[in-house]
Amino acid sequence: ERARPIVSFAAAPHRIQLKYCARAFFFIIQALDVQHFTLWSTLQVRARVFEATKALIEETNDNNSQIIATTSDIKDMYTNLCHDDIMAAVSWGLNVFKTQTRRDRVNVNRRGPPTGQKGRVYDNAARVEVRCSSIGHYVEMMLRTCYFRCGEVIMRQTIGIPMGSHISPPLAIVVCMYCEYKYIASYNNVPPPIRGFRYMDDILHITMYEDELLLDQARDIYPKTLRVIVTGYSRSAGTTVPFLETDISW
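Residues 1 to 250, numbered by this note's numbering, are exactly what the sequence shown covers, in order.
In case anyone wonders, no lab produced these hints; they're calculated from the structure.
Here are the simulated DSSO-like cross-link-like pairs (lysine-lysine), alpha carbons at most 27 Å apart as the crow flies:
id, residue 1, residue 2
1, 182, 118
2, 54, 182
3, 98, 19
4, 19, 75
5, 118, 98
6, 118, 19
7, 182, 98
8, 224, 182
9, 75, 182
No experiment lies behind these values; they were computed from the predicted model shown.
Turn these sequences into a full structure, and let the hints steer you where they fit.
The following block contains the structure:
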């Protein structure tokens with residue numbers, strides 16, 4: 001059993017600034033032209049899995065081999081993230097964006113849908129301009145000054161991120177994206193034997209290679225502070241694995 005304080009983030013003094021940073025950072029990480037496992041919408045699952053399956057068949061030159069699939073869940077995704085891992089992933093994401101786009105600013109809606117655009121904004125009170133460097137500074141400041149009151153005791157969060165903060169979801173996503181990018185890049189431009197799909201903390205891995213260690217290695221790419229628990233397994237025709245409230249079979 002675990003016990004931990006639950007504290008509202010609504011009274012945080014930097015809540016509005018972090019909301020704009022969160023909108024800007026979401027736009028930035030979605031614009032990155034790098035390989036990773038992230039699904040931005042559950043509507044992408046069918047097409048992405050079909051595409052990956054077709055690619056695996058072409059690579060193995062075997063139409064008869066069975067797809068081996070596992071589903072996993074990242075436990076305590078927000079509360080166990082190491083701050084050093086967060087800052088490393090944020091720096092990576094911002095640097096890649098600036099290198100690929102040659103822009104160091106983005107602008108986002110103040111209200112309504114969080115649509116983003118590259119570059120500066122002029123004479124438009126409905127949008128706010130955010131520097132890439134400001135996002136890194138705000139994240140670092142938030143991690144260093146995450147104090148809260150629990151009864152009469154003032155405490156500081158030294159690991160993990162506030163679950164109620166606007167910036168927490170994109171921070172959790174970019175940490176996983178960075179790990180997945182490094183895993184794929186480690187194969188030196190050769191397609192990895194594992195294809196992965198992740199929607200927040202839900203993961204699906206598929207392969208056609210008869211090597212259980214490959215699936216173990218794909219689950220071990222995330223920070224050691226995160227626990228990745230296998231929730232489903234399939235390696236024979238007609239069996240299914242549960243992923244995002246859907247049963248998937250090959």
